[in-house]
Structure formats: structure tokens, C-alpha cells
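S.K.: Residue numbers (the working numbering), protein chains in the order written: chain A, 2 to 318; chain B, 22 to 266.
Please note that the accuracy of each hint is not assured.
[As the list claims (entries may be wrong)] The calculated label-pair distances, taken between Cβ atoms and stated as ranges, are:
(1) B/T140 to A/Y288: 25 to 31 Å
(2) B/D232 to A/G12: 41 to 47 Å
(3) A/A126 to B/E156: 47 to 53 Å
(4) A/R305 to B/S167: 22 to 28 Å
(5) B/I211 to A/F303: 47 to 53 Å
(6) A/V165 to B/L110: 45 to 51 Å
(7) A/E279 to B/E165: 37 to 43 Å
(8) A/I103 to B/A44: 46 to 52 Å
(9) A/R213 to B/G154: 43 to 49 Å
(10) B/E156 to A/R202: 23 to 29 Å
(11) A/W289 to B/G195: 50 to 56 Å
By construction, these hints were calculated from the structure, which means they are not laboratory data. C-beta: ideal position from N, C-alpha, C; glycine also.
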Amino acid sequence: MKDYLPSTLSGIAYTGVIILLAVMPVITSALGQGFYLDIFSRIMILSIAALSLNLLIGYGGMISLGHAAFLGIGAYCVGIPVYYEIYNGWIHLGLAIVASGIFALVTGAISLRTKGVYFIMITLAFAQMVYFTFVSLEEYGGDDGLVIVLRSEFGNWLDLESAVVLYYVIFFVLLLTLFFINKLVKARFGRVIVGSKYNERRMQSLGFDTYRYRLVCYVISGILCGIAGVFLGNFTSFISPEMMGWTRSGELIFMVVFGGTGTLFGPIMGAGIFILLEEWLSAITIYWQLIFGAILIAVVLFGRGGIHGLLTRSKRR
Amino acid sequence: MLEIINLEKQFGGIKAVDNVNLAVEQNEIHAIIGPNGAGKTTLISQVAGELRPDGGQIRFRNEDVTFLRPAQRARRGLARSFQITSVMLPMTLLENVCMAVQGRMGHSFRFWQPTSRDTVLMESAMQALRTVGLEDRAENIAGEVSHGEHRQLEIAMALAMEPLLLLLDEPTAGMGPEESAELVSILQQIKGEKSILLIEHDMDAVFSLADTISVLVYGQIIASGTKDEIRANSEVQLAYLGETA
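Next up, chain A with everything else stripped away, as it sits in the complex:
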């Protein structure tokens, strides 16, 4: 349990990040850098997605290479209703939760019968099936995607058309997600998920039907990522199948590994640095992906335990 509680240095760093995120709109408007508000909105959305994936990879040892499918499902749960002029945000959110939950339940029930590399391949396969399904849906733009003309409406008191309001809604959802996952992994359910990662056979001999616990974990993770998708759709105001391609899933894995797998806060750091590097490097050179790749390799090779590992100087293998 100790492994997941931030030690002092990381604790300070993480608190700092949260405070920074809380005042970011003030900073960006003072500096006249409205562009960065967008960047940080994106970081927070992908943080939620990475947090949900970390529940699978970090805590559960289930390496899914199809997690972006949930982002896409969530986003299309905004895009398609808006296409039919249904703007109610609660409907979008409800649809996203139901759709991603069902998708997770069905694909998880099948995927979780496999282990290791087979699990990776089968989650990838399911995600590609969704990808190609949306590519072939000409009605909703197919390959070209779909423009979201108006953002979700949650009532007059909450106008998502304002970038700052959207920012704070995302910030609030991120805090909720963090709080929820923190509770989850320390409760009995979370302990069973972690225990099953370390020694599944033993957990079974202790009376746990590990498959069922993992399936529930998979569904929870999928729903959280589907919610992130709702905000991604609202944020970009444009959705296309590209946002659920397998490279997107790969990026989410990078964020998790980058930040430190199985740590509460790691994915947020991972998402932040990933997006910022992407922005800065691509401004320097068009060959930015080359540098980016090298940095990723360096972090994986030398920074065992990701950013969290560096902050805590963890001795864990």
C-alpha cells in the first residue's frame, strides 16, 4: 500500500501540479496565452483517459492496446446526438456511460479469457473493429469525421461554449476521477485487483474469482475513459475515427508508463509531459517525432517507474 502513497517530494510536486491546474486560466489570460488554456484542457482530458488505463495496466496488470476506442465511443456519444440536434449534455454523458460500459463488458468478457500478449492483441483487435465501423459509417462522416456544431448543454448555469468554463468542468471531472480511483484502489476491490496482478493463482486459491473482479475493473476503466471521450468531443468540436486509432491507444500507454505505472498521480504527469513535449518539439522541427521517440526510449530505459519513480527514487524493480 505504501507504494501508492506519494512520499514527500512527489507529494509536494503533485500538490503543486493541482494548484497550477486550478489557477491556469488566470495565468494564461494574464499572459495573453489563451492557446495554453487549450493545451491544458487537452492534457486534463487525456489525464482522465490515462488514469483509467492505469487502473488496468498499473494496478491490474492488464495491458490493453485498445483503450482509445473508449475515447472515441465517448466522443461519438456527443457527436451523433448533436448531429440529430440533441444537445442535452446529460443525455450525451448517459449515452457515453452506457455505450462504453456495454462495450467494455462484452469485449472484456472475451479478452480477459486470455493473458499476456494475447490480451494485448485481442484488445487491439476489438478497438480496430470499432475504428473501422466508424470509418464505414458514411452518415456520420466516415473517414472525414463529424463537426460538433454546438457543445453539450448542461443548463443555463453552465456554458461549455466558454473555454474557461469548459476548462473548469474538465478540471472538476479530473479531480473526481482522481478521488474515485484513490478510493477504489485502497478499498477491498482494489486490493483484489492488485493482488491478482502479483499472483493470480494464489488469489484464486484464497477464494477469489479473479476473472469477475478483473471484468468489473475493465468496465469501470472503460466507462471512465468514455467520460473522458465526452469531453474530448466537446473540446475539439470535431470527431473522427482517427481519435480511436491504435496509435492513440499506444500514446495512452506511453502516458501511463511515462508517469509511472500503478501510481495514483503518475498518469497525469505522463499526459502533461507527453502533450507539452509534442507541442514544443513540433514547433522546433518537423522531424520532432524522431526526438520524441528518443526521449521516450530514454525514459523507459533509465527512468524505471517513470516520473513518479524519479520523484520518489523508488528502489522497486
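Assemble chain B onto chain A, guided by the hints.
M.R.: Relative to the frame of chain A, chain B by itself:
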């Protein structure tokens, strides 16, 4: 309590368990001894549900459990310890035992209350650690304690499940004589309170603990009886005791 009827298991052409019949009575310690490769671990794995028998039946408290999965058997009150220590190495000893207590306390689909503030859970786990003398090591990481302590942890986890029948697969495996004696004294404490099926190599341990002893050689029970009967059995002496003693 436990009845094993005509149990069979083959690996390729080799009969690892060959028509074994065995019963463990309430609150009895029934030890199985036999040379290496006699099929002892195969037998216990079938009782725990990790291996499917090729034939025969396993009955636990008058219920046919032959085809139940390990988790289902565990929930019915069958707990096993492993010959080769099998715990959650990156977790603390306390967390490991907590898992065992959680397994006993019904389903774990509880998403809110932190286990660390669950006093019933924590107290039961500490109690199990105290029983085996590991209370001072509760906060140590399982991967960083000694072999002997691993063996004690195995016992603590099995006890924490509060099973009706305990399957102990060579609890003293790899232990020195001193550690071994310590473990035997721990098991002495619970003798008479629990039904135990014990597999053991250490003859001192077996003869000081067991009520009934069965001798397994090449997958077959060649003798079964009290300590004195087994000691006096010439077939056993030839097949087993003679070789080692």
C-alpha cells in the same frame, strides 16, 4: 470431512496418482509421506482443485467437489499452502494475510472503504500473523523477508482463511532444523482444532503432528494407519523409511 475415492491422475504414460482412497476425519491431522515423485503434490493439487482428476471422486463435507474450481473450493472452506512459497511478493506481510481474510469475508466488490481502516479485517489478519509469530514483520515487504518467514506467512494465510480443512504442502520445505521445529510447534497449537491434510518430508514433524499417516509410493497408498502401525510396517520400512533413515 474429506473423502478421496479411487482418485486417478496420469501424466503421459505415468500414473502420478493411482487409485488412491483416503479420508480425513474431523479435527484430525492426516499426514501423507512418501519418497520424491510419489505423487504427493499431484494429490494435494487435485484436492485443492488446481488439477482435474482423470478418474475418481473428491468429496468434501458430503458434497462432490471433484469438478469445482479452486476459488469455489476455497469458499467452501478448503485452504491450501504451497510447497514453493506463493504469495504476493511486492505486498507487505499484513497485506498478504489481509487478502486471505478478505477471501473469507465474502465478496470483495467494495469500492469505498479503505481496507486500512477496516478494523475487523486488520485485526483478523494481525491475529493470524501473531499465531505464526510474524507480528513484528507485518509491515515488511513479502519479497524481502527470509525463506523461513515465507513459510510462516504461507501458514498464516491459510489460517486466516479460517478453513474447515487445511491442506499443507510441505510446510517445512527448505527449512533448517531450528526453523522446522518452530513451525511444528506452531502447528501443535492448532492440532485438534482443525482438520489438516499434511504432506511432509520431515519425519520428526510428521511423527510429532500426525494422528494418521498414509504412505504414498508411485502414486499408490501402500499403507495407512497410526504412527505405531506405520513404524512397524515392514513394507513401509523397505519402501521409504529404510531408504532415508
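S.K.: For every hint, state whether the structure bears it out.
M.R.: Each hint, compared with the structure:
no.	hint	in the structure
1	B/T140 to A/Y288: 25 to 31 Å	59 Å, violated
2	B/D232 to A/G12: 41 to 47 Å	55 Å, violated
3	A/A126 to B/E156: 47 to 53 Å	49 Å, holds
4	A/R305 to B/S167: 22 to 28 Å	26 Å, holds
5	B/I211 to A/F303: 47 to 53 Å	50 Å, holds
6	A/V165 to B/L110: 45 to 51 Å	48 Å, holds
7	A/E279 to B/E165: 37 to 43 Å	40 Å, holds
8	A/I103 to B/A44: 46 to 52 Å	49 Å, holds
9	A/R213 to B/G154: 43 to 49 Å	35 Å, violated
10	B/E156 to A/R202: 23 to 29 Å	27 Å, holds
11	A/W289 to B/G195: 50 to 56 Å	55 Å, holds
Of the numbered hints listed earlier, those contradicted by the structure are 1, 2, 9.
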